[in-house]
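Enquirer: Residue numbers (our numbering), protein chains in the order written: chain Z, 21 to 658; chain F, 21 to 658.
Take these hints with a grain of salt, some might be off.
Treat identical chains as interchangeable: a pair holds within one or across any two.
Unchecked claim - Cut-off 35 Å, straight-line C-alpha distance, at most; resulting in silico cross-link-like pairs (DSBU-like, lysine-lysine):
{"hint": "1", "residue 1": "Lys-213", "residue 2": "Lys-121"}
{"hint": "2", "residue 1": "Lys-265", "residue 2": "Lys-76"}
{"hint": "3", "residue 1": "Lys-313", "residue 2": "Lys-110"}
{"hint": "4", "residue 1": "Lys-213", "residue 2": "Lys-313"}
{"hint": "5", "residue 1": "Lys-259", "residue 2": "Lys-138"}
In case anyone wonders, no lab produced these hints; they're calculated from the structure.
Protein chains: 2
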Amino acid sequence: MANISSLTPVSYRNVSFKDGFWAKRIEKNRKVTLPIEYNALKTTGRIDAWKLKWKKGDPEPHIFWDSDSAKWIEAAAYSLGTHANAKLEKQVDEVIDLIEKAQQSDGYLNIYFTTVAKGERWTNLMYGHELYCAGHLMEAAVAYFEARGKRKLLEVMCRYANYIDSVFGPEKGKIRGYGGHPEVELALVKLYKATDESRYLKLAEFFINERGVQPCYYDQEKEEERKGMTLPQTFDRNKNIQAHKPLREQETVVGHSVRAGYLYSGMVDVAMETGDVSLMQACRKLWSNLTEKRMYVTGGIGSSRQFEEFTFDYDLPNEEAYAETCAAISLVFFAHRMLQVEKDGKYADVMELALYNGVISGVSQDGKRFFYENRLMAHPERTKFGGQKPIERQKWFGCACCPPNIARLLASLGQYIYSVSKKEIYVHLYVAGKAKVEVAGETVTLKQQTNYPWEGAVALTVNPKVEAVFALVLRIPAWCRKASVKVNGKRIVVNGNSKKGYVKIVRSWRRGDLVELNLEMPIERMESHPSVRHNCGAIALKRGPLVYCIEEMDNGADIADLRLPRKSRFSLVSKKISDEKVPFVTATGYRRERSGWKGKLYQPIQTPLREVRIKAIPYFLWNNRGNGEMRIWITEAR
Amino acid sequence: MANISSLTPVSYRNVSFKDGFWAKRIEKNRKVTLPIEYNALKTTGRIDAWKLKWKKGDPEPHIFWDSDSAKWIEAAAYSLGTHANAKLEKQVDEVIDLIEKAQQSDGYLNIYFTTVAKGERWTNLMYGHELYCAGHLMEAAVAYFEARGKRKLLEVMCRYANYIDSVFGPEKGKIRGYGGHPEVELALVKLYKATDESRYLKLAEFFINERGVQPCYYDQEKEEERKGMTLPQTFDRNKNIQAHKPLREQETVVGHSVRAGYLYSGMVDVAMETGDVSLMQACRKLWSNLTEKRMYVTGGIGSSRQFEEFTFDYDLPNEEAYAETCAAISLVFFAHRMLQVEKDGKYADVMELALYNGVISGVSQDGKRFFYENRLMAHPERTKFGGQKPIERQKWFGCACCPPNIARLLASLGQYIYSVSKKEIYVHLYVAGKAKVEVAGETVTLKQQTNYPWEGAVALTVNPKVEAVFALVLRIPAWCRKASVKVNGKRIVVNGNSKKGYVKIVRSWRRGDLVELNLEMPIERMESHPSVRHNCGAIALKRGPLVYCIEEMDNGADIADLRLPRKSRFSLVSKKISDEKVPFVTATGYRRERSGWKGKLYQPIQTPLREVRIKAIPYFLWNNRGNGEMRIWITEAR
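Same shape as in the complex, but just chain Z (with noise of 0.2 Å):
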């Protein structure tokens, strides 16, 4: 067992931000959303609940309650990994005592089968989120060791580690089942990675190894006994957990698009740790089928509500869409491992991609509001029909995976900007601020300035404490068609010299080298492969890796009406949304005239079209001005 990543993550404790795009919103994250979570968890309970005093005529906590403080310990951690704060310092450690107090004597530790479903421990595999729970606060405590270098909580899932390696594996008498929301895989190695303790890594390889294995382990669990939830089974239920067959032969991503999500962030990491090819190769099986025929322009995932699933090759509804931003979160979870291993900018492409629309449009503008779905196409009217969420974001919700778990993102997004190999510094995403990295034995400091992604210019300067020779690896986005790079003013080769969309400068590096990267970002008009039924004939608007849509309020009512030609002009204009300029596209289209419609819905072909002006923002600031309609995809005009 070898580990076969070709490279390392740079820690987002030595990564910061500086005067950008993501240094005020991960501020903001950290002066606003985290607050405001602890106020939601404390409030509902979720904290007290801790207490383990929940008695029969008190509502019920929720299975997965845990996950919600786990997943904000884990966010408040990265937060204190790169900002002190007493206070906040404070309640993770309050809460921490209470979930200390909460474990039970053989290392057991879950509210809901605590104190609810007392007794009932691992009857419900399938739904009962137990593994889930743990994988999540498993991940809190690792970061909270790494970040405050405090040991309690880890010791405390090191002891539940301990318990569940004596509860569940391939040995006689020991149950040979696994979770139903993957999760507790990717935790157990950040265990193993943050103790060297190899039977974690050993437990996931397990859980990994046995999903889906047939006869199914939930087949065997008996319906009238499970505790917690169950969902209905009238559909193929296994398959919605991803347990259908074993992952190695699994080829299509179905299922609940979270769980997948996390399960092939899991796949990857034992993979990488282990060296296990097939693994691996069932990874890359996935991540095509997902990322070329299941995969919204936004980089969302999960086509439908209903069980919040996958459903088939190239069905991706825009009104009706899922697009959890959990899910969209697990596939930056994916792709950032796999770009470790691979190499290849294809997996920094959906990762950048996913990042700039389908997981910040999660987040309000102001930070306080959430999205839990994240349409492609909105209607206000709709909204209040036919079990979809309400159209604006919301404070929070009584399943509320996600406002943490963006919070958890953001607070810990300096580790998806770098890696580093032996004589390697590979630059994934432009983001203005500083990074120490460790390289070729020196320490290197980098610093990125750059407006991107409003403007596609970056400074790079690297400072090495001493001169090195060592590779600088730049990213070139797929979806810039003209690059430039000067090094210390002198034009290098971009398209000759790259590779996998990344492109390599070798040299010895010294004090303030400069490097100038210029990616042309103007607007594209892009279309979706013929089999997306639902955007034939449409055309979506995108620059640089921001994807567009357009809103009622600057293009008034009936925007589905609207016609943008293939060819014509665009204009960028900027323009303040809250406290931040941004560069709206205005393009000449079209409209049918209303007059002469009263009284009818359908007639033979005769309305006259009148020019107008298209206003379009960037798609994940939508709805911070107020509700009304909102679609990415534009008809095409005549």
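Dock chain F against the given chain Z, drawing on the hints supplied.
Expert: Then chain F, alone, in the frame of chain Z:
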């Protein structure tokens, strides 16, 4: 109180069909569908359920099983009214014997509430369906009495109606409630007309007047006492059953679409018979909202599968369309009644539209399979997800309202063709066959020779017993832009002479007078209102009353990517579908090349278009040649 209807429909018993579009379908209905349905009633226990032998542990009869038998009896009665059939009549008599025996001593009659929920009568007016079942049995009773002169079921239902009248009403001690699923209202008016018992009309009037009076009756029903069906409280249940405000104040069509259609039909009936002008005015407003803002191009109604409801103005999704067969049938009922009062072709236009599209799409060409939902766009994979019904017509349904409903409509289709007033014969629909009509004190035989709707030429021979002066009033459909009429070879002016969609020919008619009508029916490209977001940038093809659709088997997969130019010539090609010669429409169109897409889901627009022949067939015939994609709205080409 005075009857305010202007026209009286000519009974189906005086109308015969010959050699045409409908003759074929009505014959299949009689010879194939009716026996199949009897068999289904029998084998599913619906007929035996009348024996009231249910005991605990047996499979439960459904609360509306009574209505399934009733609609079949009604259909059989109409069939017997035009075609004697000893075997069928014996089956009907046997079922009626069972029904008679099932009647309780006080007149009450209901399977579910006499067996499963014994003693729970009228505890769940909202969803218990007792009055709904009573209504369908009354319709059956009247139909069988009128067809065969047999009084047994009529008397049973009069006893039941008398009992219902003793239970419900404004008087002290009576229940001031009404049925959650309207139906009994229109049925009571039929019973009144058959028996001349004015109490039945008064009771119908009471149900209409009481409905929606606030506080709503249902708010007094105790949730925990409700037996039979219940629906979640998470939506506006009073609105779902059109009881959210008094009917005269309702201006938009809301709630369950079949309930709505039956209710509005009952409202017209009561308004017609009582001369209630304010009620009639409400009907007009509801009609306008329904047909100008909430109706599919097929005459289907009800946009949302969830609770089978109307949603909001211009919300007409195609793939997710609900458009129940029963709802389109109820629209025919509503339109037909409005037409008698208003003498306005706009009602006949909608009646014809629904008949030729959203109604008969509900039964397969061989008469053996049925659609419950009539979506306007289908994808064979999509129908496996998200609670959609299967893509193909089914043999039967657990909730089996549609099959016998379409059977009774087809068996009684004759009544929709002609109406008379004192000195007028109105011809609403063009069908090959004969009719015997009483007008101006004379008996007139009318003969129509036509290949309508495949062709627009109609030859009407007028044969009065003796020469008589009266008006022959011919409908000029709104879809027809150019019509001509000749009387005995002499052209008469249509345009200046036509009023509200009809042209009136007054003369002294003699035996053998020949009226030749020609309705030009080129293929039209239809657009829908700019607020119908689902159809913006798309074209529907229509020829005469027939809406066309495209199917995968004629056009290859990914039919969403087909593009139809705004201008280009069509051809008609006659091809057989099963035993029927059908004019296929073909047109030059385009689709994108699929090469160049390997491994890609989105790209900057670049795919070339390639010319193809688009082939379309009448919508109602879709899915008669196997499963595949289907859609009505075709993307307009650049």
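Enquirer: Under a CA distance limit of 35 Å, which applies to Lys-313 and Lys-110: within one copy, between copies, both, or neither?
Expert: neither (46 Å within a copy, 59 Å between copies)
Enquirer: Given identical chains, is Lys-265 near Lys-76, meaning Cα to Cα at most 35 Å, within a copy, between copies, both, or neither?
Expert: Intra 40 Å, inter 41 Å, cutoff 35 Å: neither.
Enquirer: Are the CA atoms of Lys-259 and Lys-138 at most 35 Å apart within a copy, between copies, both, or neither?
Expert: Within one copy only: 29 Å inside a chain, 43 Å across chains, cut-off 35 Å.
Enquirer: As a check of your reading, is Lys-213 near Lys-121 (CA-CA no more than 35 Å) within one copy, between copies, both or neither?
Expert: Only inside one copy: Lys-213 and Lys-121 sit 26 Å apart there, 79 Å across copies, limit 35 Å.
Enquirer: Could you figure out if Lys-213 and Lys-313 sit no more than 35 Å apart (CA to CA) within one copy, between two copies, both or neither?
Expert: Intra 34 Å, inter 62 Å, cutoff 35 Å: intra-copy only.
The structure does not agree with the numbered hints 2 and 3 stated previously, though it agrees with the rest.
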